[in-house]
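> Under my numbering, the first residue of the sequence shown is numbered 1, with each subsequent residue one higher.
Don't read these hints as lab results, they were simulated from the structure.
Be a bit skeptical, because a hint or two may be false.
[Unchecked claim] Distance condition first, Cα-Cα at most 30 Å in a straight line; then the derived DSS-like pairs of lysine-lysine: (1) 6 to 44; (2) 6 to 359; (3) 96 to 81; (4) 96 to 52; (5) 164 to 306; (6) 52 to 74; (7) 81 to 258; (8) 52 to 67; (9) 164 to 52; (10) 44 to 320; (11) 44 to 81; (12) 67 to 306.
Model, not experiment: these values are computed from the prediction.
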Amino acid sequence: MKFFRKVISNFNLPVEEFRFQFNSHPNYPSALAFSDTLNFLGIKNEAYNLEKEYWVELPDEFITIYKNNFSLVKRSGDLVKVYADQEEQITFEELKNNSTDFILLFEQIKEDKVAVKNNFLHKSIFGIAFLVMLFANAYHWNLGTFVFQILSFAGVYVFYEIFKEKFGKESPILQNFCGVGAKQNSSVDACKTIIQSKDLQLLGLSFSDFGFIYFIGLSVLPLFIAKTSVLFLFISSLAMLSIIYSVYYQISKKSFCKVCGLVIAILILQFVISIFQFQSEFQFFELLVSVFTFIVAFLGVENFSKTIEEKENYRKENIKNLRFKRNYEIFKDQLLKEENKVDFKVSTGGFILRNPTAKLKIAVISNPFCGYCKDAHLCQSDDDCPGGYDLACRLWSPNGDNGNQCLRCVTI
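Could you put together the complete structure from these sequences and hints?
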């Protein structure tokens, strides 16, 4: 969602931590969940229901609900920029007419006090790609093969972004690319439908995973075989089958995926280049190297895909568990269920645990309202004690009722 991406960028927040805290909030999705998440990450904020006549007193940046969507508002005179599902520039009066009275004000922070997360992975990928291209084209320079390899690296990057999107991590590049045009929302939805589809599964991998394998193999192969090898023409010809399937699938789903169109364009360009550039004689050794390269790429992507999928499943389960654990109403409801109650009201103001007939008897006198007495509640069981032991806990209360007020109920 463009609103959350803008907020995260505006405050330089850690993306994964923001998503985790917001999704695991017991009131997710809600304004309270959003406000608490910002507070947790150090962005002080307060929410109000403010009548429109007082909006002129608002700061230049605030958050409201514009056209039923959370929106970040940046005002400049009579014009405002609204960041929601789409970025709009409207008048301040138009903003007031299409917004609720909900306002979220946040504390302005200095950028130098915020830890900006360095995107090391992206830089590493570009660095490795540059080195591979440098070594692969250091000798026998050829423009056609160089463009072919650039297209291969472009395919790797596209499928890397698809990989992230498939496992729940938003890719701003794909979101922006798919959102170009008049029907932005429908285009983004169409891309997600195609990218996250599991209709074609082979050896545990999806159709997009095989695209990742294909471009990784093509990017690495020029390091080990001749750059003009006829095998590149053979591999590019096989890729034409994937274009036929992709077009058929999009027609059957009645959706056009712009990312798929980009990949198809890359494959066609590579096929055209391979017709004119790759004419060297076939060598069996190069075939063995090519097969080995694609097998290694397959195993790498398969392992990476399974690892990410397991991690994503654990993350989702953790979010569900935390959302349950942080919900006080559920905790209170379970705590006060009648069938789980054991009444320990006794005249002595205490209760007995374990074996009351044991020879070893332990008596603890404590005030549960006293912070210094908390260690007195911690008892370690000695399983080596013959016959067990008897623990009698006496609770003292400062109001003089011998602790009976403290013994309302104990849930087990």
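> Looking back at the numbered hints, which does the structure fail to meet, lowest number first?
2, 9, 12
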